[in-house]
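Engineer: As a plain string of letters, each chain reads:
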Amino acid sequence: MVTAGAARPRPRRRRAAFIAGPHVLLVPAAIALAAVSVYPLAYGIVASLRQYRYGLDMGFAGADNYLNVLQDATFLTALGTTAKYVVLCVLIETLLGLGLALLVNRQLVGTGLWRIGIILPMTVAPVVVGVMWRLIYASDIGIADPVLGLLGVHGVHVLGGESSAFLGVVLLDVWEWTPLMFLILLAGLQTIPQEPLEAAVMDGASALRVFFDHVLPMLRPVLFVAIVLRTIDALGTFDQVYVLTRGGPGVSTQLFSIYAYNTAFLFTQEGRAMAMVVLLLAAVLVLAGIAIRLVRLGPGTR
Amino acid sequence: MAHKEEDVKSESILSRQLSRRSVLKAGLAGAAGLSVAPFLDACSTFSSSSSSGSTNKIVIGTFQDNAMVPFRDVFVKRFQSETGIKVQYNETNYDAWYQNSKNDGLHKTGAYDIYVMDDNWVPEFAAGKVIQSLDKLGFKVNPDILANGLNQGYWPPKTGAKMKAFANAQPELYAIVIIDDVEILYYNKQYFDGAPKTWDDIAQAAQSKSKPPSLYGWSARGVKGNPIVQTYLPLLNSYGGNFVNQDWSPGFAGPEGVAALERLFSFIPYMPSGSAEFDTDQEVQVLLQGQCMALTEYTGLTHQVDDPAASKVSGQINMAATPSQEKSGPAIGTFICGIASGAPNPQGAKKFLEWFTSSPVQIDFAKTNGSAAVTGSALTDKTISSQYRWLPAIADAVNNSVAKPHTPDEPKFEDILGTRLNEALVQALSKKSGYRSIASQKLTQAANEITAYLKQQGGYF
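As they're listed, the protein sequences go chains U and C.
Converting from the first sequence to our numbering requires adding 6 to each position, the first position being numbered 1.
Converting from the second sequence to our numbering requires adding 1125 to each position, the first position being numbered 1.
Incorrect hints may have been included.
Said to hold, decoys possible - Simulated crosslink set (SDA-like; lysine to any residue; CA at most 25 Å straight-line):
#1 C:K1580 with C:N1370
#2 C:K1557 with U:G155
#3 C:K1265 with C:D1506
#4 C:K1254 with U:Y60
Claimed, not checked - So the derived label-pair ranges between C-beta atoms look like this:
#5 C:A1577 with U:Q196: 51 to 57 Å
#6 U:L47 with C:E1216: 30 to 36 Å
#7 C:E1216 with U:L126: 33 to 39 Å
#8 C:E1216 with U:F217: 56 to 62 Å
#9 U:P152 with C:Q1224: 38 to 44 Å
#10 C:K1437 with U:Q196: 55 to 61 Å
#11 C:N1181 with U:M64: 36 to 42 Å
Worth flagging that the hints you see were computed from the coordinates, not collected in a lab.
Glycine included, every Cβ here is placed at the ideal spot set by N, Cα and C.
Could you put the whole structure together from the sequences, leaning on the hints where they help?
Structural biologist: Rendered as structure tokens:
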């Protein structure tokens, strides 16, 4: 006897198909992800364990590339410069971005225009930014030297001195990436409920107290995300600094990324360059892990 | 009713579009497409590149440079019309071309027959078999080609220090010079009685005639890396120093090297104060604007000095070999051609290079805008020289030139020395005294770093 129920799949098969279905659907995406992301990463790690010379793969090198990199004084200097650069840039950009976000969040006259004006630098390609600031800083045709002269600072060529070039590179980064911090923090500010703030004001809290006791704790998760994103991005800064100074004068602006690039493409030490990149990747992962943990533990997330 | 039918129809279309099976099918087809696309792309590239395997076609790849314009616009076309062999000419920027050519040669892709290279690529490209031996292809070298230019194409090198692995190997010609680019002295004849022979002559003229910032006595490239090394090498060579000695020990940290750097620093009162950030464009501008008495630069500048659109002192700049102290020793940096290891048409490529480096063609090359030809007969031809006054200076400079170390690690040497030279210049510009101590300290630091790097690399000592 054929019943209507017999024509339908058995419940166990249906359940198996139900469980397997989404996984099967994920296969194309997984293949694509593996092809464009996992494979290059795995290839890079393998390359960091091999020795290259004359463009040829000379065989397994064990940990030699890592040991050589860690004994390379120029690499360690580049790491130090990068750390200094990242801390300074992210700190200034966070403070400026937060300040600007607080201002624009107050719905001043022409808020839309302010917003567009502030985010404009972020939309310019980093290479173009590098060329632009090179023209500004150039000692022969730039406007930086005459402006500094008007302020009573004479004889400073921004790109001609080690400290001034470093500060010049930081200023460029601040100009270009403060808008990103501004944008993220403004979005964060706009999600904060107004009731607790209004209640605090009614209770007689000053503006500073409202900010530190209410706004900042509620903004904390967004602030952390913004700082982590910007830190990871700043660690990989390359284009604009390469165009502006090529890492000079001396090694004063030689960031990690510039040294790794030179090691791979100028000195043709591909294995050693990959070891540098893997070390940086490990550092970024640790940093991101710590930041995520801090966000999870933070009071703003309760 | 009609509406109902339409609704049922559209519902069935919708259900057909969104059924799991169809989504799965589309997904798998998409994934298959994604995974196959690169291979298809590679196959199409391969088939188009292998079409250059015809004996009637060669493909030349090069980096963009103004010095290559006559080669591209006049001589490639002339070769085509004279031989019937079609030439495809692909150019890109320097860095990209270095990578492209290296990858093409290493993997024998066969996309190119001829690579136009910078001479310092030759050690890596020859040792790594990116290019093939011209000797083995039966290449006939024109004996009229100046020896110092020709020697840039040998691996292992004919002269200078050799890496241990290649110490006993017979030098073979892997690349042939096509443009003798070399550093020469450019001086504004208004301020000199004839060509200055020594660095002292230039220093004296700078001291007595320059009036910075309206007129500088000297201009130089001071940016770290290759630019400042190019400034320093003619000084180092002329004071009797070496970049590296025969045993690979750095030869610039001794008294000769220190004296050469001190000489450069002695020009500081007569140089633009921002020289530590100067690259070619800024260095050259002060000369072309009539604000500088002299400088050393490669031959590419010859095409600008008489161009009224580019120069305010058109016709006033003369050229000579770089000044001597113990001797003249300009740096050489030729444009040089190799035949790709996977060249589809190596015989066609060989024919082109033999044709272009032949004496009659080189004479015509020199006649085209005074290009830096590679043969003695072209560079010293009196008729051509009367029109292009820099050609004898180029011949003189090539004959006295000192090659950079022949090793794939040369860019690293240059980076180390160039970084420390730049630091020394920054210090000297700010302190304006203690030049000898600054020079000695920074050159010793560079020498120690290069020695440490060579030991780490192995194959040198």
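Engineer: Hints first: check each against the structure and report whether it holds.
Structural biologist: Evaluation of the provided hints:
1. C:K1580 with C:N1370: 15 Å, holds
2. C:K1557 with U:G155: 21 Å, holds
3. C:K1265 with C:D1506: 23 Å, holds
4. C:K1254 with U:Y60: Holds - the C-alpha atoms of Y60 (chain U) and K1254 (chain C) are around 9 Å apart, at most 25 Å.
5. C:A1577 with U:Q196: 51 to 57 Å: 56 Å, holds
6. U:L47 with C:E1216: 30 to 36 Å: Holds, at about 33 Å.
7. C:E1216 with U:L126: 33 to 39 Å: Given a distance of about 35 Å, which is inside 33 to 39 Å, the answer is holds.
8. C:E1216 with U:F217: 56 to 62 Å: 58 Å, holds
9. U:P152 with C:Q1224: 38 to 44 Å: The hinted range 38 to 44 Å holds for P152 (chain U) and Q1224 (chain C), with Cβ atoms some 40 Å apart.
10. C:K1437 with U:Q196: 55 to 61 Å: Distance hint for K1437 (chain C), Q196 (chain U) holds at roughly 58 Å.
11. C:N1181 with U:M64: 36 to 42 Å: Roughly 39 Å apart at Cβ, these two residues keep to the hinted range, so it holds.
No hint from the list above goes unmet by this structure.
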